[in-house]
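**Q** Listed here are the chains, written in short residue letters.
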Amino acid sequence: MALHDPVREEELVKAEPAKGSFRVHRDAYRSAEVFQREKELIFGKCWLYLGHDTELQKKGDFHSRRVGGRDLIFIRDKKGEVRAHYNSCTHRAAKVCRERSGNARNFTCPYHGWVFSSEGGLVSQNAQTGYAEGINEDGHLDLRPVERLEEYRGFWFVNYNPNAISLYDYLDGARDQIDALMDHTEGKQIILSGEHTYSIRANYKLLCENSYDGYHLFPVHASYFDYLRDQLAGTPGEGLIDKTLASYNTAGAARALGNGHAVLDSFVPTGRPVAQWLPSMGMGTKAEIEARYDSLVRRLGEERAKYIAETQKNLVIFPNLVINDILSVTVRVIEPESHEKIRVTAWAMGPDDESEELRALRLDNFVSFLGPAGFGSPDDIEMLEICQDAADHTPIEWSEISKGFGRAGDPLYAEGPPDDEVQMQAYWTMWDSVMRRINTLEVK
Amino acid sequence: MNRSEVEDFLYHEAELLDEWQTEAWAALYTEDSLYEVTSPACADPTKADARNTLFLISDRIERIRGRANRLTKKTAHAEYPRSKTRHLITNVRVTGDEGEETKARANFAVYRTKEDTSTVYMGEAFFTLVQTAEGVRIRHKRCILDLNSLYNQGRLTIIL
Ligand code: FES
Ligand SMILES: [Fe+2]
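Chains as they are written, first to last, in this note's numbering: chain S, 1 to 444; chain R, 445 to 604.
Be aware that a few hints might be false.
Claimed, not checked - Partial list, computed: chain R residues near chain S (C-beta under 8 Å): (1) 485; (2) 490; (3) 510; (4) 522; (5) 555; (6) 593; (7) 595; (8) 601.
As the list claims (entries may be wrong) - Here are some chain S residues pointing at chain R (derived, C-beta under 8 Å): (9) 34; (10) 222; (11) 363.
Hints in this document: simulated from the structure, not taken from any laboratory.
Every residue gets a Cβ at the ideal spot worked out from N, C-alpha and C, and that includes glycine.
Same shape as in the complex, but just chain R (with noise of 0.2 Å):
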């Protein structure tokens, strides 16, 4: 793929997130992906491995499934009532490009107010691509925030 493939795909993303159509994500997402997001304590968040690190997510298909149906119920109380997000996407570099598979980088900044509060997650994303019979689909995603810890964001209950 190329970088404005790579683009639109990322795009098609976040649309789908910031309209909580959680469940049309985890659709994009392969039965042998990873969705991560590393603790801002960790010490090299590129390189760290959730088996022997803490991370905030670290989810499988099933839990990346679990994850985004949880969020359609009103019993997903820390979502209740829903906050509202925004994903900006850029900065998007084709990083290795090796038959079905493409790996691409991405600043983030995900914006959410819950409430009359409004916080940014912001940081850097790692992705494995596929190309599919279905269309391009998330093989790993991994994001890295520019944080020291949640002291402003509180908790990380949305998908960035």
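One chain only, chain S, in its complex shape (with noise of 0.2 Å):
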């Protein structure tokens, strides 16, 4: 017998409502085959995401990166049209763009030297001789456009299939978390100075299920929560910590927003830049952060304030963004290699208006947990590493998800309390029916 017998592509995710038992079989995590016909079915046929508006501030400011295995231009052309071309140039496959980012009227390819304009046009052959006149005169020989590019509120998506339904209808309730989102400020959000780039020896899915996972908390973060309790020692803060994760699992959700996206709203005490100010922040915010608060009610009403200023929210767009609205904003995308390696990319996100000192704050906040140097994101990482390893070198057929399944009908629009499972069970029940072609996510 082999360590993995293969299983049918339709036995990977078993739901059987009545019995509340909800579980993936481990070849959706360890197999290379699988991972081959996701490359098709997922990442061809999903809105994948690019990259935001606010990366690119002047006409020719560009981008080069790899989505869903495809190596993409990102670029506000010379018009000031956001446009992504595929990087290879049509002559003989050179990649045309070899700068991570840069601005350009043009792109030159380095191997014969023919040009093309920053939205994608051939302009030279670099060729007195050879070409029969008006060989690109249906433009089959300009940089080649992505299938489709939308975007949402400044979040660009790239889709691969040209009959895709449209970004709008893809996310569904997603949209009304980026809303919860785009609406911290009065000015505008904006992708922070910086990046962090690193990668993790796991399948693409385990870190989808672990950003959104109320479960793993304690476990998980011990170690960050004894620093945030030695941190308020002694302060106006302290005994905070301990009164609001004692109420973790009942005070919070997880919520599936359809398509497979979910939220995970939770409250945890580390204070909020957007608008929510605890004493650990330090007084020289607390006034700045209050008017921040006023400036919602005034325009969204107390409720929607209230949300926006004092959930952390843990938001997974399928298949493979991350939004963490929580002690600070992380917009990460996740783009796999293989079956059991990705590269993680991650940006911090702010509203253009706020103080030095916020900003400041802001991105403490991001660096004390997030990130492969934080205090939460390396132990995060180290689960997934293990449940990797583990899934490839032990025979064990299925992973559990069935957490607090069964209560909903439809589990794509299903919600739990916090350390429930029932965003996971969304994500994979829209995987089972992209991978199965139930869904086509196309238009009909």
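Join the two chains into one complex using the hints; note that each chain is given alone, in its own frame.
**A** As structure tokens, this is what we get:
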């Protein structure tokens, strides 16, 4: 008998509501063959995050990025329009852009010198003779644009299926979460300077699951909470931690938002630069944060203001975008390289109209917990790597993701307490229906 | 301080780290100290300011102590079982000497082995050292990695 006997694709996700059982076959994490199908069906059919509008401030600004295994140039062209071109010369394949980011009017291919404009048009073939007149009349030698490129409130996504449903429809209930984030300020939410790029030896779905998992908080982040307690000892904030955490499992909710997206709403006493001041943040930012809260109430009403200000939100947009609006805001994209290796890129986001002091606090919060050197994320990463390693090297067939399953009718819109697993059940239900072509995500 | 005094001190810091005496390491830092590691993606890491740019690490003394203390625990999962490290410090240069304060630069290579995988963190460190009644202390240490990402290293859970 082999270590892993491969299962049939229709048997990777097994939901039995009557028994309250929801199981995912571990081949979904450990099989290279399943990953090949995912490249075609998940990454070939879903909307994938490319970048944020504010990363392209000036005309000609660009970033070269790999998205769902494809190399793209994300650029604001010289007329101001945002575009995504495949980063490959239409002559004989060379990469036309070898920088990670910059500003360009044109891209000159280093191999034979073809020149492309920022809009993608072929402007020179660097040859006096040999080419027939009008060889590019149909534009096939221009840089190839991605099949679909759409944005929602500054978040640009691509889709490699020309017949895909619109980004707007795809995002479904996740739009409301993006609204809650973008409405933090009367000004503009921007991607801040700098980024974290690192790798993890684990399947991309393990990081999605972890990103909004309320169940893991206490075992995995015990040392972070110890640190918070030490910081607050002897201050007015002392005792707040244990008081808030005691109601962690009852105060918030895990909510599925349609199309496999879901959010974890929870309460953790870290303070939130958006508009929730806590003594640990220092007196210097108190007045500004309170004024920001008043602005939320004025613009959006008391109830929405409270939700935006006080709830920690861990959002996963199917299949690989994470937006954590917690003690700081991070936009984190998970690029799978194989069934067991991912590259993670994470940015910090914040309002362009905040004070230097609040900006500093926001970034300080970020690095205290998040990122590859924080007091939180690395412990998460270790968990993902030991999950992958153990799934790879044991014959156990199933992962049990049943907590809270069976109460709601449609898993894609289920809701449960923060330490349930309804968000993951929604993710896997979507994954299963896309992988089995039940949901093609196409316009009829 | 002259170069060999700076070298002796930096070798001592490296020795504490390789022996995982993290709390003794934290005791080398002044009350107003700052320990930083810029992000490999940073455009201008020598001038960058953690108040407006995302760093990997920017610890004032409370978090330096917190980091040191966390690393003594079994619940710091990322470093359990603990990795082995080796800090190499070379090309030490004294770049300024004013009263109690000495500024210095040094190249470093830190090897980390976790399970069967070894990686290296290489770069240059900028120090502000200060002579106190208790001995030499670190007021500022900024590490700038010669990397474009942590693609090979995965994470940075040791102290550089
Ligand atoms: S491959 Fe680009 S010009 Fe030849
Ligand atoms: Fe976590």
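**Q** Now look at each hint and say whether the structure bears it out.
**A** Results for each hint:
1. Contact between residue 485/R and chain S, as hinted, is supported at the beta carbon level, the nearest pair being about 5 Å apart and thus within 8 Å.
2. Taking 8 Å as the C-beta cut-off, the interface hint given for residue 490/R is violated, the closest approach to chain S being about 14 Å.
3. With 8 Å as the threshold, the beta carbon of residue 510/R comes within range of chain S, its nearest partner Cβ sitting at about 5 Å, so the hint holds.
4. The beta carbon of residue 522/R is positioned within 8 Å of a beta carbon in chain S (closest approach about 4 Å), and the interface hint is therefore held.
5. Interface hint status for residue 555/R: violated, as the beta-carbon distance to the closest one in chain S is roughly 17 Å, over 8 Å.
6. Taking 8 Å as the C-beta contact cut-off toward chain S, the hint placing residue 593/R at the interface holds, the least distance being around 4 Å.
7. At its closest, the beta carbon of residue 595/R sits 5 Å from a beta carbon of chain S; the interface hint therefore holds under the 8 Å criterion.
8. Satisfaction of the interface hint for residue 601/R is found here, the shortest Cβ-Cβ separation to chain S being roughly 5 Å, below the 8 Å cut-off.
9. Nearest Cβ of chain R to the Cβ of residue 34/S: about 24 Å, over the 8 Å cut. The hint is violated.
10. Here the hint on residue 222/S is kept, as its CB sits about 4 Å from the closest CB of chain R, short of 8 Å.
11. The beta carbon of residue 363/S comes within 6 Å of a beta carbon in chain R, closer than 8 Å, and the hint placing it at the interface holds.
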